[in-house]
Structure formats: structure tokens, C-alpha cells
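Once you know that position 12 of the sequence shown is 31 in our numbering, the rest is easy, because the numbers rise by one and skip nothing.
No lab work stands behind these hints, which were simulated from the structure alone. Only a predicted model underlies this, so the values are computations on that prediction, with no experimental measurement involved. Please note: incorrect hints may appear among the correct ones.
Claimed, not checked - Cross-link-like lysine to any residue pairs, in silico, SDA-like; alpha carbons within 25 angstroms at most: (1) Lys-54 to Leu-96; (2) Lys-54 to Glu-69; (3) Lys-54 to Ser-119; (4) Lys-54 to Phe-104; (5) Lys-54 to Leu-64; (6) Lys-54 to Glu-41; (7) Lys-54 to Glu-105; (8) Lys-54 to Arg-139; (9) Lys-54 to Thr-42; (10) Lys-54 to Ala-38; (11) Lys-54 to Asp-68; (12) Lys-54 to Val-40; (13) Lys-54 to Tyr-44; (14) Lys-54 to Thr-78; (15) Lys-54 to Tyr-138; (16) Lys-54 to Arg-109; (17) Lys-54 to Glu-92; (18) Lys-54 to Asp-77; (19) Lys-54 to Thr-116; (20) Lys-54 to Leu-83; (21) Lys-54 to Arg-93; (22) Lys-54 to Val-132; (23) Lys-54 to Ala-117; (24) Lys-54 to Arg-85; (25) Lys-54 to Gln-81.
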Amino acid sequence: MVSPVLGRCRRPDSPRVRAAVETLYRGLADITVGKVIETLLLNDLVRVDEIGFAPLDDTGAQLLFRFVAAAYERRSLGIASHHSFEDWGRFLPEHTTAVSMLDRLPHHATTAVTNGQSYRMRQARERRGGELPTP
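Can you make the complete structure from the sequences, with help from the hints?
So this is what it looks like as C-alpha cells:
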């Protein structure tokens, strides 16, 4: 089963990391963050998309780390980011949090680095006869 809260594989409209952190924030607010994490970890695969799209504050980074640490060696995580691991310190405010998270994520991981146009840009170009859309 794939987590419905954090996203489904191959669904471009799935919630992003901001939604995941907001879900964890709500759990923190009503003192159920541990239960929220355990509920998410009932899924065989949890996909977290767009890591680094927007910077996280200290609390958001700590909540994301807590989730990653809880999933470590227990569940599969699908992590997507436009940033290399070396750049994660740019959007995680605390160096120790970034190092601790990156100590766990690649340990048993298969890392796929892609390069090239996104499928959205490719589709937009095809719809416009080879021209990119103007902003």
C-alpha cells in the first residue's frame, strides 16, 4: 500500500513535502505527531516529493527528520528532489538535522539521478509544436 497522505507513485498531482510537513505540524499541535507518523508508516511505501522546493523552518525540518528516522529500516521511502544531497543544507536550516537525515536516507537506497527536461516541459513543447511556453 502507498501512503495516501504523502502521495501515490506516478501521480503528478500528489501532495508534496509541504503537505507532509503540515500534516506532521497538525499532529504536533494536538500532541499526536507520533501517532501520525506511525499511521503513515503502516504503508509499504511513502513517497515524499519536492524536498527542497521551499525551505523548512527548524520545527518543520525536525518533524521531517523524525519521520525519516522512524521509517529508517522499517519502510520504503520514495524521495524526490531537484537538489543533490550536497545541497540539502540550503533548505534544511540546521546542519545537524541535514547530516542526520542524509546519514539514513542513502544507507539502503537506490539513488537515481536524472538529467534533462521534465515531462511537463516536454508535453508543453509538444502541444505548442516545439516551442516552449513563455512565462
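Self-check item: Hint numbers contradicted by this structure
Solution: The structure breaks hints 4, 7, 8, 15, 16, 22; every other hint is satisfied.
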